[in-house]
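Trainee: Chains as they are written, first to last, in the working numbering: chain A, 1 to 431; chain B, 1 to 52.
Don't read these hints as lab results, they were simulated from the structure. Be aware that one or more of the hints could be misleading.
Here are the computed lysine-lysine pairs in the BS3-like style, where the Cα-Cα straight-line distance is at most 30 angstroms [stated by the list, open to error]:
| no. | chain 1 | residue 1 | chain 2 | residue 2 |
| --- | --- | --- | --- | --- |
| 1 | A | Lys199 | A | Lys285 |
| 2 | B | Lys48 | A | Lys251 |
| 3 | B | Lys2 | A | Lys24 |
| 4 | A | Lys50 | B | Lys9 |
| 5 | B | Lys4 | A | Lys301 |
| 6 | A | Lys301 | A | Lys419 |
| 7 | A | Lys204 | A | Lys404 |
| 8 | B | Lys4 | A | Lys41 |
| 9 | A | Lys127 | A | Lys113 |
| 10 | A | Lys369 | A | Lys129 |
The structure presented is a predicted model; accordingly, all values stated were derived computationally and were not measured.
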Amino acid sequence: MKKIERTKHIYSKPPFFHKFSFLKRFFVFFPISGSLIEIDKNSYNNLNLKNFPKNKFFLEELKIYKNFNPKFNKPENLKSLCLLVSQTCNMNCDYCFVDEGNYGKENRLMTSKVAKDSVDFLIKNSKNKNIEIDFFGGEPLLNWEVIKETIIYGLNESKKNNKNLRFSLTTNGTLLTDDKINFLNENKISLIISLDGPKEVNDKFRKFKNGNGSFDFIYPKVNNLIKKRDSGYYIRGTFTEETKSIFNSAKYLFENGFQNISLEPVVIEEVNPLKIKKESLKKIKKEYEKLGEYIFNERKKGNNLNFYHFLISLDEGPCLGKMSFGCGAGVEYLAVDSTGDLYPCHFLTEFDEFKMGNIYTGIDENLKKYFMNLNDLSKKPKCSNCWAKYLCGGGCIAHSYLVKGDPNLPPQDFCSLQKKRVEIGLFLNNT
Amino acid sequence: MKIKVIKNKPFINKINLNCRECPTPCKSACKTSMTVGNQTCEKDRKDKTYIF
Numbered sequence: 001m002k003k004i005e006r007t008k009h010i011y012s013k014p015p016f017f018h019k020f021s022f023l024k025r026f027f028v029f030f031p032i033s034g035s036l037i038e039i040d041k042n043s044y045n046n047l048n049l050k051n052f053p054k055n056k057f058f059l060e061e062l063k064i065y066k067n068f069n070p071k072f073n074k075p076e077n078l079k080s081l082c083l084l085v086s087q088t089c090n091m092n093c094d095y096c097f098v099d100e101g102n103y104g105k106e107n108r109l110m111t112s113k114v115a116k117d118s119v120d121f122l123i124k125n126s127k128n129k130n131i132e133i134d135f136f137g138g139e140p141l142l143n144w145e146v147i148k149e150t151i152i153y154g155l156n157e158s159k160k161n162n163k164n165l166r167f168s169l170t171t172n173g174t175l176l177t178d179d180k181i182n183f184l185n186e187n188k189i190s191l192i193i194s195l196d197g198p199k200e201v202n203d204k205f206r207k208f209k210n211g212n213g214s215f216d217f218i219y220p221k222v223n224n225l226i227k228k229r230d231s232g233y234y235i236r237g238t239f240t241e242e243t244k245s246i247f248n249s250a251k252y253l254f255e256n257g258f259q260n261i262s263l264e265p266v267v268i269e270e271v272n273p274l275k276i277k278k279e280s281l282k283k284i285k286k287e288y289e290k291l292g293e294y295i296f297n298e299r300k301k302g303n304n305l306n307f308y309h310f311l312i313s314l315d316e317g318p319c320l321g322k323m324s325f326g327c328g329a330g331v332e333y334l335a336v337d338s339t340g341d342l343y344p345c346h347f348l349t350e351f352d353e354f355k356m357g358n359i360y361t362g363i364d365e366n367l368k369k370y371f372m373n374l375n376d377l378s379k380k381p382k383c384s385n386c387w388a389k390y391l392c393g394g395g396c397i398a399h400s401y402l403v404k405g406d407p408n409l410p411p412q413d414f415c416s417l418q419k420k421r422v423e424i425g426l427f428l429n430n431t
Numbered sequence: 001m002k003i004k005v006i007k008n009k010p011f012i013n014k015i016n017l018n019c020r021e022c023p024t025p026c027k028s029a030c031k032t033s034m035t036v037g038n039q040t041c042e043k044d045r046k047d048k049t050y051i052f
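Next comes chain A alone, as it looks inside the complex (with noise of 0.2 angstroms):
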């Protein structure tokens, strides 16, 4: 593997509190505790970190962050394969990262026997009565008789060995039908749909190969979808430098029936004119706030609109050895190519330098000491000071390879607008 150098870290708690308003309103979040009051707006304006109101709430609350020492496992389980059943596609998007879905090398299906051999491996290294299994690609959907034949073996397979194993599929929808539909939904796959936004929005970078748009094709196939479904699907599109109207996009979507949205930015090289520029993150800030304060009111007239990076519930949220670990790739979650190789995630697959096994000779122990250390939020030295690394997890490591060069070094905008998702999101579930 290629030596990646890390930055020396210094760990340190988060800060004791942090302010934030949201329509005209005033909160204090505890990140240690999860704590989360409304003040007065004169309160706020004078609160700071060196002055705070010494009554009963705030030092029961200090006593906890000056005592906050926990002791738990870090994860070293396997739990969840994304398999890429299909290393092709029929589209051609402008940002796609593996170049038509064949990650720069050649197109290739993965066959019925590496999909099955990756369910028994899956079972075999997960100590987890719940085990997870993801379809991608390219278009999964390219390679469907694979994907019916594995859900049908894993859902035995899983019976028989005691594991609840559930399983989502991630597809730009072209290759929906009536039939997989019923498929999908008689054995309860969630879904992963992609879809950016109205047809102007769409159209400008979604397309087929012969370059024309994609939403005349995909709308009426995933409206049917969801027409037979109402939970378990995302409507998952990309933003860009050229498409960063979120609010407009997410309205859309919701308007038309989809309920559940996530809208993300674009995960490109730092060169590439669709990359969000930095003077644009105040704007996408921006749109956030309007899209929190449509839900906010959607919600009051009985509409339960889901947008995915605002879903932040404190009661029900995980313990803290899970927000102390980051996105589990190399550990918890590993992608198997068509082959049976084995990658951290179905990001860092093009990158032979993080190739770590294969589903027939096992997981390459050191690979996977060293992503345990890049999960690990006490080792990541940007986040070791931020009020948001519990509900954040750190960021994506393969992101941050890709823009940084660094997989430990989660880059600077994309903190800024997960700071606001989580602001919203604390408001829009928990107030």
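Assemble the complex: chain A is given as a structure, and chain B must be docked to it using the hints.
Mentor: Relative to the frame of chain A, chain B by itself:
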């Protein structure tokens, strides 16, 4: 200072749970790992059919 407590130390009772049965963030995050906090604890979602 007027304080309205909205959530009172919700992390504390789960601080040492660490069962690791929850979904992997990236996996269930529409292929984005950017928020760990939105993952629901598996202890509270045993009957959930779908991953998300």
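Trainee: Compare the structure with each hint and give your call.
Mentor: Against the structure, the hints come out as follows:
| no. | hint | result |
| --- | --- | --- |
| 1 | A/Lys199 with A/Lys285 | 23 angstroms, holds |
| 2 | B/Lys48 with A/Lys251 | 27 angstroms, holds |
| 3 | B/Lys2 with A/Lys24 | 16 angstroms, holds |
| 4 | A/Lys50 with B/Lys9 | 22 angstroms, holds |
| 5 | B/Lys4 with A/Lys301 | 25 angstroms, holds |
| 6 | A/Lys301 with A/Lys419 | 27 angstroms, holds |
| 7 | A/Lys204 with A/Lys404 | 27 angstroms, holds |
| 8 | B/Lys4 with A/Lys41 | 13 angstroms, holds |
| 9 | A/Lys127 with A/Lys113 | 23 angstroms, holds |
| 10 | A/Lys369 with A/Lys129 | 23 angstroms, holds |
Checked against the numbered hints listed earlier, the structure breaks none of them; every hint is satisfied.
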